[in-house]
Amino acid sequence: DTGVSQNPRHKITKRGQNVTFRCDPISEHNRLYWYRQTLGQGPEFLTYFQNEAQLEKSRLLSDRFSAERPKGSFSTLEIQRTEQGDSAMYLCASSSTDRTGGRYEQYFGPGTRLTVT
Amino acid sequence: AQSVAQPEDQVNVAEGNPLTVKCTYSVSGNPYLFWYVQYPNRGLQFLLKYITGDNLVKGSYGFEAEFNKSQTSFHLKKPSALVSDSALYFCAVNPGDDKIIFGKGTRLHILP
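Read top to bottom, the protein sequences are chains A and B. For the first sequence, the numbering used here assigns the number 535 to the initial residue and increments by one for each residue that follows. For the second sequence, the numbering used here assigns the number 48 to the initial residue and increments by one for each residue that follows.
Next up, chain A with everything else stripped away, as it sits in the complex (with noise of 0.2 angstroms):
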């Protein structure tokens, strides 16, 4: 068990460009979360998958942000047409489930770093 892993840790871009950030979760776990953190806030929920189905969104993932996990393992967020306000620390987190839901503590990976210039 290696724990959460994300890559890159840190991304500078100038607006308009699109990124790409990944998310390797503890392996045995099936639900894997993003969520978003800015200078003294805490995180954001922003979406949350079960293996391969993305089962919630948040109202903030606005249509230019995408999120996928083909086969249940990793997953990609992806941010088009980056604007300076995406700014920020993406988060992923991972944990196990069971059928009462999300009684389970989340574990966390380092973070992205994004800057929009």
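What the hints contain is simulated information worked out from the structure, not anything from laboratory work. Keep in mind the model is a prediction, meaning the values are calculated, not measured. The beta-carbon is built from N, C-alpha and C at its ideal position, and this holds for glycine as well. Watch out, some of these pointers could steer you wrong.
Said to hold, decoys possible - Simulated pairs of lysine to aspartate or glutamate, EDC-like, Cα-Cα distance not exceeding 20 angstroms: (1) A/K591 x B/D144; (2) B/K96 x A/D632; (3) B/K124 x B/E111; (4) B/K146 x A/D632; (5) B/K146 x A/E639; (6) B/K69 x B/D132.
As the list claims (entries may be wrong) - Distance ranges between label pairs, derived from CB positions: (7) A/P542 x B/Q92: 16 to 24 angstroms; (8) A/E612 x B/D144: 34 to 42 angstroms; (9) A/L573 x B/N115: 27 to 35 angstroms; (10) A/Q551 x B/P126: 45 to 53 angstroms; (11) B/G76 x A/G550: 20 to 28 angstroms; (12) A/S592 x B/N115: 25 to 33 angstroms; (13) A/D632 x B/S75: 16 to 24 angstroms; (14) A/T572 x B/Y108: 41 to 49 angstroms.
Chain A is fixed; fit chain B onto it per the hints.
Frame of chain A; chain B shown alone:
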């Protein structure tokens, strides 16, 4: 709207003294409650959780938290603070739909 409040941006405690980091929530139903800690340049780490049962839950590093349903609170506590406890602490709530809500965080400073 469902929310989590951490009313203190920062808490200062002398080493060896007891500490409390406050959290209140506003969600319907019976939520699951969590505390996470974030050290500089590291990801969030799970400390403890309340699912059901005993209102006092114990977690990592000697931390504990008390669930109070009538006051909708889940305060984090430790009997004797260590300098190494200095970090950013987040309260989180799963309101039942698995769209986890985090508080803004409380920075804990333990003074030697």
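Each hint, compared with the structure:
1. Distance check on the hinted pair: A/K591 and B/D144 sit about 11 angstroms apart at the alpha-carbon level, within 20 angstroms; holds.
2. Pair hint B/K96 plus A/D632 holds up; C-alpha atoms about 16 angstroms apart against a cutoff of 20 angstroms.
3. Between B/K124 and B/E111 the alpha-carbon distance is near 5 angstroms, which keeps this suggested pair within the 20 angstroms criterion.
4. The straight-line distance between the Cα atoms of B/K146 and A/D632 is roughly 16 angstroms, inside the 20 angstroms bound, and the hint therefore holds.
5. Simply put, B/K146 and A/E639 have alpha-carbon atoms about 13 angstroms apart, close enough for the 20 angstroms limit, and the pair holds.
6. Pair hint B/K69 plus B/D132 holds up; C-alpha atoms about 16 angstroms apart against a cutoff of 20 angstroms.
7. Distance hint check: the CB atoms of A/P542 and B/Q92 are about 22 angstroms apart, consistent with the given range 16 to 24 angstroms.
8. Checked against the hint of 34 to 42 angstroms, the pair A/E612 and B/D144 fails, with Cβ atoms roughly 25 angstroms apart.
9. Between A/L573 and B/N115 the C-beta distance comes to about 31 angstroms, which sits within the given range of 27 to 35 angstroms.
10. The hint said 45 to 53 angstroms for the Cβ distance between A/Q551 and B/P126, and at roughly 51 angstroms that hint holds.
11. Between B/G76 and A/G550, the C-beta spacing of about 43 angstroms breaks the proposed range 20 to 28 angstroms.
12. A beta carbon spacing of about 29 angstroms between A/S592 and B/N115 agrees with the range 25 to 33 angstroms that was offered as a hint.
13. For A/D632 and B/S75, the hinted distance range of 16 to 24 angstroms is satisfied, since their beta carbons lie about 22 angstroms from each other.
14. For the pair A/T572 and B/Y108, the supplied restraint of 41 to 49 angstroms is violated, since their beta-carbon distance comes to about 27 angstroms.
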